[in-house]
Amino acid sequence: MNTKYFTGIIVGVLLATLLFSCKDRSVSVSKVSAKQQKIDEALPDDKAIDSFILPYRKHLNETLDSTLCIAAENFTSSRIGLESSLGNLMADIALKQAQSVFEKRYNKRIDFAMLNEGGMRADILKGGVTSRTAYEVMPFENELVAVELSKEKIQMLVQYLIDQKRAHPVSNMKLSIDKSLNTVKDLMINEQPFQKDKTYLVLTTDYLQKNGDNMIFFKDPLALYGTDYKLRNAMIDYFKSVDTLKITLDKRIHYAE
Amino acid sequence: MQNRRKFIQQVAAATAFTGLGGMSIMSCSKPVTKRITVLHTNDVHSQIDPLPSNHYKYPGLGGFARRASIIEKIRKENLNTILLDAGDIFQGTPYFNYYGGEIEFKLMSKLKYDVATLGNHDFDNGIDGLFGQLPNATFDFVSANYDFTNTVLDNYVKPYKILMKDGIKIGVFGLGIKLAGLVNKDLYKETKYLDPIEIAQDMSKELKEEQKCDLIICLSHIGYEYKAEHDMVSDVKLAQKTKDIDLIIGGHTHTLLPKPTVLDNAVGEKVLINQCGKSGVYMGQVDFYFDALGNKTSLGRSIEV
Chain A
1 MNTKYFTGII VGVLLATLLF SCKDRSVSVS KVSAKQQKID EALPDDKAID
51 SFILPYRKHL NETLDSTLCI AAENFTSSRI GLESSLGNLM ADIALKQAQS
101 VFEKRYNKRI DFAMLNEGGM RADILKGGVT SRTAYEVMPF ENELVAVELS
151 KEKIQMLVQY LIDQKRAHPV SNMKLSIDKS LNTVKDLMIN EQPFQKDKTY
201 LVLTTDYLQK NGDNMIFFKD PLALYGTDYK LRNAMIDYFK SVDTLKITLD
251 KRIHYAE
Chain B
1 MQNRRKFIQQ VAAATAFTGL GGMSIMSCSK PVTKRITVLH TNDVHSQIDP
51 LPSNHYKYPG LGGFARRASI IEKIRKENLN TILLDAGDIF QGTPYFNYYG
101 GEIEFKLMSK LKYDVATLGN HDFDNGIDGL FGQLPNATFD FVSANYDFTN
151 TVLDNYVKPY KILMKDGIKI GVFGLGIKLA GLVNKDLYKE TKYLDPIEIA
201 QDMSKELKEE QKCDLIICLS HIGYEYKAEH DMVSDVKLAQ KTKDIDLIIG
251 GHTHTLLPKP TVLDNAVGEK VLINQCGKSG VYMGQVDFYF DALGNKTSLG
301 RSIEV
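So the protein sequences, as listed, match chains A and B.
The numbers in full-length UniProt numbering rise by one with no breaks, and the one at position 34 of the first sequence is 34.
The numbers in full-length UniProt numbering rise by one with no breaks, and the one at position 107 of the second sequence is 107.
Some clues are possibly wrong.
Said to hold, decoys possible - Reference listing, derived: stretches of chain B covered by chain A, where coverage requires no fewer than 3 residues with Cβ under 8 angstroms from a Cβ of chain A:
hint, segment
1, 59-69
2, 105-113
3, 269-277
Claimed, not checked - Looking from chain B toward chain A, a few residues come up when the C-beta cut is under 7 angstroms (computed):
hint, residue
4, Ile48
5, Asp287
6, Arg301
7, Val305
Rather than coming from a laboratory, the hints here were simulated on the basis of the structure.
In this text, all values refer to a predicted model and were calculated from it rather than measured experimentally.
The beta-carbon is built from N, C-alpha and C at its ideal position, and this holds for glycine as well.
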């Protein structure tokens, strides 16, 4: 037998034995240290990663930033009495866009819409309105849903609006409040006086339906109807369908004179 | 200082022997310290680019290109580095709405992520939407408490994954949050949620006793702690009610811990919990130093966090 070959086997066996015995020895943690690495501008960009992202970023920016319609004025959530230019626009868009989907799917009409003041995360500024605008105003994935509510729940909803004294967006309802008594002076829904012998279909978002902003009257409705239509997509579709956004301030919620 | 010097010498020795065809014979007879670096993110929420400079909480932070460069630097310092994510990879920027998660998975693959778990938002395009993006991910998904038996993800998401680094056996298992109430059932379909603590107890037993792992990491998307809702399971409860887990990497609550929390587990041993906010604004780094003498009881472990 070749000596070199034989030595090779010996070394091999020796190594195998050592490795095997090593394997049996357990290792254990003797020390742990940690740090939180801040990802800021002090770190250079990895060029290869950045150039991979570039075409996506470019396409996205072009898509998001193409003008869909023009805002004639600034739309903000700043309160003017108990309404706001942006709130009215949002609630009107939600109702208009959801209504057609809803009629097709359920063969019913929604009576009115109610959203929350805090849900509008940015203003719509005068000038070109883009998809990015919709993402800024509505970054959440909230879906439009309709709930069938009893007269008691509608009364709770109205009392909530009165007590909150905030400009929660509504559409297709008119509420006149007696400020001194903190009660309803007059309530019109779908251009009809409030009727106590019927139920109402109210459009809102899945977030609010599940008790967001403490809107407990949306919980456990008589019926719940999904639309699979995100509020943001409703906005984008609406922006595409019009040339100009115009402010509507019609004192839909106000204190009686 | 003394210890640090000694440690550097040991690392130098270990590195020298690794050069001999990877067979460090002397590690049997001489004390050699090995180091495993664990890097982790959570709740990146499709934050591909840095956050805008006018962001209310984390202006200008985050971004994959920057994260890639620091990961590369850390890997150069220590080859034995693993990269993990604790879920909610999806949802938060139009990148997700437009590309459905493709860019997130492709980038994580380029950054050489090893393992990720699933967050509730990873179901936002439905279990089918998630399944459709899996070909873009070269890394593995783990979840031990989601039973995917009657779904498309069955066999694609494993309870745990074992990684070997420098002869150290690392077991990584995943835990997810209860989906009912957070995600529409139409999206998660027949996914069944199992009790995280019971499952974690099974997992640590499997990984420690059966698989003989040297390091056990839980990738958790159950949330750090719920002070108002006492009944809700959380990483803090998980840490205290289990054993043999070395590190819980958390997510869901977007908690930015200034440093990892150190708690006593069910048998009085130390366990770490770490979580790094959201959107990739910070990346966690936990370094485990292993003593090859196998002298755990006399040495204990020093935690310098």
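When the hints from earlier in the document are held up against this structure, which numbers fail? none
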